[in-house]
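From first to last, the protein sequence lines are chains A and B.
The numbering of the first sequence is the working numbering, which starts it at 1 and goes up by one.
The numbering of the second sequence is the working numbering, which starts it at 312 and goes up by one.
For the record, the hints were derived by calculation from the structure and aren't laboratory data.
Incorrect hints may have been included.
[Unchecked claim] Going by beta-carbon spacing under 8 angstroms, a handful of chain A positions derived as facing chain B:
#1 Asn45
#2 Thr128
#3 Leu129
#4 Leu158
#5 Leu236
A quick note: this is a predicted structure, and the numbers were derived from the prediction, not measured.
Here a beta-carbon is modelled for each residue, glycine too, at the ideal position from N, C-alpha and C.
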Amino acid sequence: MSVRVNVSPSVQAGLRPPSLLDAPAHRRRQSVTGWLFVAPSLALNMVIVLVPAVATVVLSFTSWNGLSSPRFTGLDNYRMLLADPEFHTAIVDNLKWLCAYLVVPITLGFTTALFMSSLRRGGAVLRTLLFLPYVLPTVVTAQLWSMLLSPVNGVNTLLADVGIHAPIWLGNPSLTLWSVVAVDIWRFWGLVLVIMIGSMGKVDTQLVEAALIDGAGRFAVVRKIIIPQLRSTLALIVMLCLLWSFTAFDYVFVMTQGGPGYASQILATYMYSIAFQYNELGYAATLAVCLMVIALFVTIIYRFLRRGESQ
Amino acid sequence: MRSRLRPWRSGPARPGALSRLVHFGWPVRIWIGLLVVAALIPILELINIALKTSDAFTAHPLGLGGLTLSNLSAAWTQGDYLRGYIISGVIGVCVAIVVTLVASSAAYALVFIRFRGKEVLFGWYMMSMALPLAMFLVPIFYAYRRVGLMDTDQGLILLYCGIFCPFSTLLFRSFYTSIPVSLRESAQIDGASEWRIWTSIFLPLARPMFNTVAALVAIWSWNEFFFANAFIQQGGRQPVALRYLVFAGNYAGDWPAIMAAGLIALIPIAVLYFVAQRRIVEGLVSGAVK
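Work out the full structure, taking the sequences as your base and the hints as a guide.
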């Protein structure tokens, strides 16, 4: 890793032998060309991501209602955040969301992908159908599920017909968060599934068959041969689940608005209500910074773990 | 050449590859059948209720019967969805064109051209994919108000391009890394400039990835409502998803009307998905699975 020779990354990575094109004059010109090629993308990223991110961090130290000019208040927002009981509920709700996200889609996706890669025909059709909920507009599916889970029109009427007295899914404070998580998982697990299927296609089947011939049990094969080969995919999916569980917004916003009370309030919807209902933009920025820190923390850990793996 | 270079084909490579491991018997069939039912029944219910008369809905909300098209036509005119389609269509097409061009050129440089700061740049792109972009609402909101991008398609197009660019760059990057470097080097030795190599070799080669990314970002921008909700305040300029959100608020409780509007809002996406599903799913997977 400590090779300090001036050769291009593709040579270092063993992708190609060094050539005459690695001469210094050529390299300088290449550097300019490289930046020209990324310039449009960089400009876009600056305007939409980098500058707003910096502005959010600056705003998080101010008190601002959006009309008058922002007033610098130092760490007041952060102190307020730590003492804010609603923030604590939101964090706990996000952690519940995270647990559900880590357990359900990954188990479902993994087992189903395993089953489907034993399928000789029809796998592509099944995959298309199971992935469908992910591409549909969340506003529409959120309304659809609000109706299906409502006590008067939804599945409860069918359950009542067969004599089951079902709870009010979205109106019961202890159930509402889980109901919304379940709907979000309904939408999202198809993505986990297709990624899993894609990486199962890369599993070394000869190894699997050899192990089976040698008399290894099915569970042992899954645990000792398949899972280790899927490690990088699993790591990626865990990271995506971590990140997306903290940015979840759509279904809570449409289906419950964080209610009843604050029963299903999560960080993103809480931030939204602070910014647009209470007009406390400085405080909303503080919450945004908090989410940014979580996201950066997750990615840094992920990259760190992956780095250890590749060496 | 084109038919042999197909690194993007990374779906279920060999059907039945693990058939020795998992016996595809009845328990497994029932399990998968249940999952398909769970995925599709709600969507079929949406269609069913969208096509139902109010009386039939009150009598048996989820059952069949009372077929009508009046919900659809009423929602179409009341929500002014023709205008929504045009606005969302224009946004989707513009975002798809800009993102594919910008992301593919950036990915080309990130893979093939050696330049100072490349690693930092790539790291930042990965980072900005992880950032909860919705959280930058406030600064962008005020910047847009200052420069007059509120209530405009251009404002949303610019925003969506910025948001979808990092992930699209990643997809193009994983595509380009699967193309042999020798192809580029032989062109280089023949004296072609980077621009020439990109436009005449790599753009045509990457056409399948262009389709994937274009379809994906078009779908995402059609479905997006968080930013649209904040930046479009004038009724007439609303894209479809936002129009639907407002419609559902106005007609709260009138489920057949809401479902009909929902059907209108998702039909173009469903059509695009079924036409391009192979490209979409496999492109997405090839970006994620390396």
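Under the criterion of a CB-CB separation shorter than 8 angstroms, is A:Thr128 in contact with chain B as hinted?
Check passed: Cβ of A:Thr128 comes within 5 angstroms of chain B, closer than 8 angstroms.
Chain B contact restraint on A:Leu236 - CB to CB distance below 8 angstroms:
holds, 6 angstroms
Using Cβ atoms only, decide whether A:Leu158 comes closer than 8 angstroms to chain B, and label the hint accordingly.
OK, holds: A:Leu158 within 8 angstroms of chain B, min 6 angstroms.
Please check whether A:Leu129 passes as an interface residue: C-beta within 8 angstroms of a C-beta belonging to chain B.
This hint holds: A:Leu129 lies near chain B, its Cβ roughly 6 angstroms from the closest one there, short of 8 angstroms.
Measuring from the C-beta of A:Asn45 to each C-beta in chain B, is the shortest one below 8 angstroms?
This hint holds: A:Asn45 lies near chain B, its Cβ roughly 6 angstroms from the closest one there, short of 8 angstroms.
In this structure, none of the earlier numbered hints is contradicted; all agree with it.
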